[in-house]
Amino acid sequence: MKLHSSVWAAGIAAALLSSCSGTALKKAFREPANEFRPQPFLHLNGHLDRDHIRRQFTEARDSAGFGGVAVLPVSSQPHWYDGHPCPGMTPEYMSEEYFAGYKDMLEVSRHNGTDIILYDDIDFPSGSAGGKLAEEYPQYTRKYLEKQETDITGGRRFRHEFTVDSTMTVMAVSALELDTRETVDLGPYFSGNVLDWDVPPGKWRIMLFTCRYGVGGVHGHLVDYMQPEAVDTLMKMTYGEYDRRFSGYFGNVIRKTFFDDVGFVHMEQTWTPAITDIFREKYGLNPALYYPALFYDIGPETGKARIAFYDIRAELMAEGYVRAVSEWAETRHLKSMGHPPENYSPNTVVASGDILKFYRHVDIPLLDAILYFRRGLHGFKQVSSAADIHDRPVVGAELCGAYPADMDSLMMYRITLEALARGVNFTVPHGMWYDTDPMAVRIPPLIAPENPLLKDALKGYSLSTGRSCMLLQGGRRVADIAVLWPIQSVQAESWMFRDQTSGLPIANWVPDNVVNYTLSDILTDSLQRDFTYIHPENLSSGKVTVNGRILTLNNRENIQEYQVLIIPGGDYISADALKEIYSFYNNGGKVIVLASLPSRSSEFGRDREITETMERIFGPVLPARDTTVTGQNGGKFIFSSSCNAGEISKMLELTGYMPDAIFPDAAPDNAGYINYLHKVRNGRNFYYITNTTDKEYDREISLRGEFRKVEIWDPHTGDICPADARIQDGRTYVPVSVPPVRSCFIVTK
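Residue numbers (the numbering used here): 10 to 758.
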């Protein structure tokens, strides 16, 4: 079992912030170490040559200020936008000549004092071993839940031959009565590939569910991320080859690994055979009676069946490839880093299973801010919240990939500042290219000294980003608000292909009464209130506990104390989680529910517990309109059917909590936002303030608490100046002036 050191906090920053004099910290801030600076992708799209490698790597350090590169081999493919052919890497991926070129990169990096991030495949997603897995071990490629079905009228004998071959594993044979929604296990009547059944009266849908490999499609060549023997085989083909040759570079030149887009996107019926047996063992129920719920309504247990199946799939994702990579890295003194596809989108059920579980074993949870400006911005907190829950001190971001080729430095700064304000503290710009000819750069923009639009800005960008990341890595993030992750309500209403046929962008369909995406925008961008998503299981497992009027996130380092819990809608909730929420309310805690009150249990057979708890709070008739009830110990349960900035602000005022920081006149404009993030390390407070609007933000900010020594640290210039702060009524007022698309730190003791 993997044991993470949650007190690991990015080397130099940990030592400086936990021990030393302010002088040493200030010096390290002005000249941040390579581990905090951007380390962009270097796409290998040409013939590897030692002199070219030496020149390019040295220029990346000296002219761009990068701390290293993430080496990404690519194949010859059409250009991302206009389709013209673009070159790939030579020699062949995983050939001895390739590894010789890789060693040249390692040696140059060692000489230059910079890092290499080990990317684990060619192109993306990770998981194909350059196509060799599908060629040599097709049985280990990803698998899909398929359904063969036929409708019949009962009252007769039915004999039917299904198509079953060696690529398939039978999951279940089931019948669904279309009027009563009764389900029947037809396994006893199925032999070989033939069903022979005396059908009772009624209208029946007969279904054979199989799990099949070799389906093809966009990502059919990828490994089954959830099958241990498949993952083990793939890792020997990829990670094992680097281990055999380059273990002497692990922990010094190679410090991080990188996996890319590990998930379900473009194939939401991704499945694996183990799910059936796990369902039976975990719930003590016959899976054949519940498989139809993944496609149809089977009555009152439909939502619970979907939650059960999808939760197993999410667990297998977290415990499969993702965990195996992290354990491999840990034994070699490396940190694992990576992300699933659509990690910023509201429906992670069809993208990666459950985003808060996905990152359970990842040392550096990663998000990717790609394709266009602010895509998925309101979902960035999903990734940083996963890092918070699992006590991970570093959060990475893959930035700017597939942006327009004419992206300027102002846009690069905007993207970075908005990511850092939402919890990111390590960046992988997307990126450098080995062959920098514009016709050879398959995915723009080129973020390298060869780009005339960026070359003069890169060194300053690397400095300011490195300074910010050094102060933001590790520590305890102050967040007063917990938002309950509504995964179960999304799972309950997600049937196979619902997202695909929704007419919305991929992984964007959610039930109408699930509003966490809107809430994230309001709290972060309109109200400047930081928050953390917590999983329902965190409440029942003891990860988050009730301590009087506070909910506490129990970590070794990143301990958080929440004064308010917000439930962002949805019909389903865990009965165990609701029990803890009720205890919080009874102890004087403040709970806000938006859009709809929970009415059903996510667990089988526990709906009555939900009803009884809600009745204890609101009485026998649940409110249909906005309502506030107050408990005996001063707890509040506030329900609003709407979700807008004005209502949320009023509800937060009703709870009576004192905001951590108050930013007057900080409404967003058409260009950007005023955002902040508050970290505490070794008695110091670091308030990071970003301004991506088109106007200077010149106001007096109010901080909770009385601070006698206050300084302004400017990551763009390295300047550190005392602030003219004043104290009044238990708060500290600090005047700040942040130019457009800039940032600053308020540092207090």
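Be aware that one or more of the hints could be misleading.
Stated by the list, open to error - Calculated lysine-lysine pairs in the PhoX-like style (CA-CA distance at most 25 angstroms, straight line):
#1 K141 <-> K112
#2 K718 <-> K758
#3 K704 <-> K758
#4 K156 <-> K36
#5 K36 <-> K718
#6 K291 <-> K588
#7 K212 <-> K156
#8 K468 <-> K36
#9 K645 <-> K552
#10 K141 <-> K212
#11 K552 <-> K291
#12 K245 <-> K112
#13 K758 <-> K36
#14 K718 <-> K35
#15 K35 <-> K758
#16 K552 <-> K588
#17 K659 <-> K645
#18 K35 <-> K468
No wet-lab data here; the hints were simulated from the structure.
Structure-based check of all given hints:
| no. | hint | verdict |
| --- | --- | --- |
| 1 | K141 <-> K112 | holds (22 angstroms) |
| 2 | K718 <-> K758 | holds (6 angstroms) |
| 3 | K704 <-> K758 | violated (30 angstroms) |
| 4 | K156 <-> K36 | violated (63 angstroms) |
| 5 | K36 <-> K718 | holds (19 angstroms) |
| 6 | K291 <-> K588 | holds (22 angstroms) |
| 7 | K212 <-> K156 | holds (18 angstroms) |
| 8 | K468 <-> K36 | holds (18 angstroms) |
| 9 | K645 <-> K552 | holds (23 angstroms) |
| 10 | K141 <-> K212 | violated (47 angstroms) |
| 11 | K552 <-> K291 | holds (22 angstroms) |
| 12 | K245 <-> K112 | holds (19 angstroms) |
| 13 | K758 <-> K36 | holds (18 angstroms) |
| 14 | K718 <-> K35 | holds (15 angstroms) |
| 15 | K35 <-> K758 | holds (14 angstroms) |
| 16 | K552 <-> K588 | holds (15 angstroms) |
| 17 | K659 <-> K645 | holds (13 angstroms) |
| 18 | K35 <-> K468 | holds (19 angstroms) |
In this structure, the earlier hints numbered 3, 4, 10 are contradicted, and the remaining ones agree with it.
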